[in-house]
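A.B. asks: Here's the letter readout for the chains.
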Amino acid sequence: MNWWLAAGSLAAVLMLAGIAWALRLGGENRIATPADASRIAEDWIAGFEAHDAVICSNGSGALVFGTRGSVALIRPSGARFIVREMRNPRWRSSESGLEIETGDRTPVRLYLPQAEAAALGARLDATADNDVSNSRA
Amino acid sequence: MPDLPNPVDLAVPAFVLLVLAEMIVARFRDRSRYCPRDTLTSLMLGFGSTIAGVLAGGMVFALASWVHQFRLFDIGYAWYWFAIAFVLDDLAYYVFHRSAHRVRWFWASHVIHHSSQHYNLSTALRQTWTGFFSLGFLFRLPLFLIGFPPAMVFFVAGVNLVYQFWIHTEVIGRMPRWFEAVMNTPSHHRVHHATNARYLDRNYAGVFIVWDKLFGTFEAERDDDRPRYGIVHNLPDFNVLRAAFHEWWGITKDVWRAPSLYARLGYMFGPPGWSPDGSRDTSETIKARWQARQERGQHWKKPISSSSVPGPEAAPPRAA
Ligand SMILES: [Zn+2]
Ligand SMILES: [Zn+2]
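For the record, the sequence lines run as chains A and Y.
Quick note on numbering: the first sequence equals residues 79 to 215 in my numbering.
Quick note on numbering: the second sequence equals residues 203 to 522 in my numbering.
Since the hints were derived computationally from the structure, they do not count as laboratory data.
One or more of the hints may lead you astray.
As a list, the in silico SDA-like pairs of lysine to any residue whose alpha-carbon atoms are at most 20 Å apart [as the list claims (entries may be wrong)]:
#1 K489/Y <-> G181/A
#2 K489/Y <-> G499/Y
#3 K489/Y <-> S477/Y
#4 K455/Y <-> T180/A
#5 K455/Y <-> R482/Y
#6 K415/Y <-> G499/Y
#7 K489/Y <-> A294/Y
#8 K489/Y <-> R444/Y
#9 K489/Y <-> D182/A
#10 K489/Y <-> H435/Y
#11 K415/Y <-> K455/Y
#12 K415/Y <-> W380/Y
#13 K489/Y <-> D121/A
#14 K489/Y <-> N362/Y
#15 K455/Y <-> W82/A
#16 K455/Y <-> G181/A
#17 K415/Y <-> N362/Y
#18 K455/Y <-> P429/Y
#19 K489/Y <-> R183/A
#20 K415/Y <-> L290/Y
#21 K415/Y <-> M385/Y
#22 K415/Y <-> I433/Y
#23 K455/Y <-> D182/A
#24 K489/Y <-> E120/A
Label pairs and their computed distance ranges (CB to CB) [as the list claims (entries may be wrong)]:
#25 T184/A <-> A280/Y: 36 to 44 Å
#26 E497/Y <-> A110/A: 29 to 37 Å
#27 K455/Y <-> G96/A: 16 to 24 Å
#28 I226/Y <-> W82/A: 44 to 52 Å
#29 R183/A <-> W283/Y: 46 to 54 Å
#30 W81/A <-> K455/Y: 36 to 44 Å
#31 F230/Y <-> A200/A: 26 to 34 Å
#32 S462/Y <-> A85/A: 46 to 54 Å
#33 D121/A <-> R376/Y: 55 to 63 Å
#34 R273/Y <-> G96/A: 36 to 44 Å
Predicted model, so just to flag it, every value in this text is computed and none were measured.
Every residue gets a Cβ at the ideal spot worked out from N, C-alpha and C, and that includes glycine.
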């Protein structure tokens, strides 16, 4: 590796990323239906059994309740999804919806009517309280 | 000593052209195969890795030459020695790669290569920045001790890395049977990059898949279990520095808070996900949970839908 090769490689890196963008590859994922959300959660979390799911109004996030006391939070990341399994997550409801702490730096926001958001938050707490076994096996 | 070229340097133009070709295929077949931000992160990690490689290269070569003094045999530059070095280096790669998935210290470097949720030729270039720091070069030292000249070993190792480029693609389904039986292929390596429980910690091969078959780590790709790529806890964004260092940061935090020396060592050298109280997921617990779920069977065909919010009384029943 010499400096010409290094400079050439860096130029190629930027060019290829630019071409990927110009070809409009990737795109923004959306979660279309609760059934989709349940399937994504079951795919990504080994052993997870979805009971039901709530998707937010613009499809940019979903909450999936499992049958064993945990919940899965799904959000799109480019053309893929980020899925986090949580127990008893901290949440906050506001006019724009429900904000849930996932352990990542920024909480995930589900866009929902405020009343729905508050009810969903209460259900998160109830789910955690209900689950006394906390068994992950 | 012949002046051997660096195969990776020679291959760079081909890498660029093939990534470009695969992007054009993706444009017409499935745009989600590439994501511009992910591609940029992968390629920047590849670029940084070559820089890190140059910085550490001198030291690794000096160490290799030092070890070579104590060689058991004098091995020259005849072509067949290259062939034998290639095969043995690939075995050393298998051992290195298996350790890279089973020992968190090595995983902290190798996880970079797995941190994309995409599987395309740009993923191949997503390489570590911290390989020297994590001591990955130790796995090649036996070759110098046997007597293979350092220049020869680094040359065949470069060829090995170049081989592994083309297998990072979804464009190729299966190669001819005889080829799939002996060589590492896109199909075998898709399994390696998958997070499906069935596929975790499988197919560590570099060039020859026979090592996995020999040592019991082989898993064939199945059409009814399509690979989902990435890591168990996928990165929250496309930040290059996070991708390069996140597991080192994780080790640092864990070791800092560890309750005992035993826990400290476990966090560094245990398998990824090890914790003193077993509260975190390792690939074993994930596989076990998946297995249990398989055995509970398919009695889950109940309505999975509600976009309204049921009250707490509708909280899901707990399975036994
Ligand atoms: Zn690997
Ligand atoms: Zn790979």
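A.B. asks: Each of the hints needs a verdict: does it hold here or not?
C.D. replies: Going down the list of hints, with the structure as the test:
For the given pair, K489/Y sits about 24 Å from G181/A by alpha-carbon distance, which is inconsistent with the 20 Å threshold. Pair hint K489/Y plus G499/Y holds up; C-alpha atoms about 15 Å apart against a cutoff of 20 Å. With a C-alpha separation of about 17 Å, the suggested pair K489/Y and S477/Y falls inside the 20 Å cut-off, and the hint holds. Proposed proximity of K455/Y and T180/A is supported: the alpha carbons are some 18 Å apart, at most 20 Å.
Among the hinted pairs, K455/Y with R482/Y is consistent with the structure: their alpha-carbon atoms are about 15 Å apart, no more than 20 Å. A distance of roughly 30 Å separates the Cα atoms of K415/Y and G499/Y; the hinted pair therefore is violated under the 20 Å criterion. Using a Cα cut-off of 20 Å, the hinted pair K489/Y and A294/Y is violated, with the two alpha carbons roughly 27 Å apart. At roughly 27 Å between alpha-carbon atoms, K489/Y and R444/Y are farther apart than 20 Å, so this suggested pair is violated.
Pair hint K489/Y plus D182/A does not hold up; C-alpha atoms about 25 Å apart against a cutoff of 20 Å. Among the hinted pairs, K489/Y with H435/Y is consistent with the structure: their alpha-carbon atoms are about 15 Å apart, no more than 20 Å. Restraint check: the Cα-Cα separation between K415/Y and K455/Y comes to about 37 Å, which exceeds 20 Å; the hinted pair is violated. Taken as a hint, the K415/Y and W380/Y pair is honoured in the structure, with Cα atoms around 14 Å apart against an allowance of 20 Å.
In summary, the hint linking K489/Y to D121/A is supported, as the alpha carbons are separated by about 13 Å, within the 20 Å threshold. Using a Cα cut-off of 20 Å, the hinted pair K489/Y and N362/Y is violated, with the two alpha carbons roughly 31 Å apart. For the given pair, K455/Y sits about 39 Å from W82/A by alpha-carbon distance, which is inconsistent with the 20 Å threshold. Annotation: proposed proximity of K455/Y to G181/A holds, straight-line Cα distance about 15 Å (limit 20 Å).
Between the alpha carbons of K415/Y and N362/Y the distance comes to roughly 19 Å, so the proposed pair stays at or under 20 Å and holds. For a cut-off of 20 Å, the pair hint linking K455/Y to P429/Y is broken: about 31 Å separates their Cα positions. A distance of roughly 28 Å separates the Cα atoms of K489/Y and R183/A; the hinted pair therefore is violated under the 20 Å criterion. At most 20 Å may separate the alpha-carbon atoms for a hinted pair to count; K415/Y and L290/Y meet this at roughly 16 Å.
For the suggested pair K415/Y and M385/Y, the alpha carbons sit about 11 Å apart, so the restraint of at most 20 Å is met. Of the supplied pair hints, the one linking K415/Y and I433/Y is violated, its CA atoms being roughly 24 Å apart against a limit of 20 Å. For the hint pairing K455/Y with D182/A, the CA-to-CA distance comes to about 15 Å; that is within 20 Å, so the pair holds. Restraint check for K489/Y and E120/A: satisfied, since their Cα atoms lie roughly 14 Å apart, inside the 20 Å limit.
Here the CB-CB span from T184/A to A280/Y is close to 59 Å, at odds with the stated 36 to 44 Å. The beta-carbon spacing between E497/Y and A110/A, approximately 31 Å, falls within the hinted interval of 29 to 37 Å. Taken as a hint, the range 16 to 24 Å is violated for the pair K455/Y and G96/A, whose Cβ atoms sit roughly 36 Å apart. A C-beta distance of roughly 27 Å is found between I226/Y and W82/A, which places it outside the suggested range of 44 to 52 Å.
In this structure, R183/A and W283/Y meet the distance hint of 46 to 54 Å, their C-beta atoms being roughly 52 Å apart. Taken as a hint, the range 36 to 44 Å holds for the pair W81/A and K455/Y, whose Cβ atoms sit roughly 37 Å apart. At about 48 Å, the beta-carbon gap between F230/Y and A200/A misses the expected band of 26 to 34 Å. Restraint check, S462/Y to A85/A: a C-beta distance of roughly 50 Å satisfies the suggested window 46 to 54 Å.
Distance hint check for D121/A and R376/Y: the Cβ-Cβ separation is about 23 Å, which falls outside the suggested range of 55 to 63 Å. For the pair R273/Y and G96/A, the beta carbons lie near 49 Å from each other, so the given range of 36 to 44 Å is not met.
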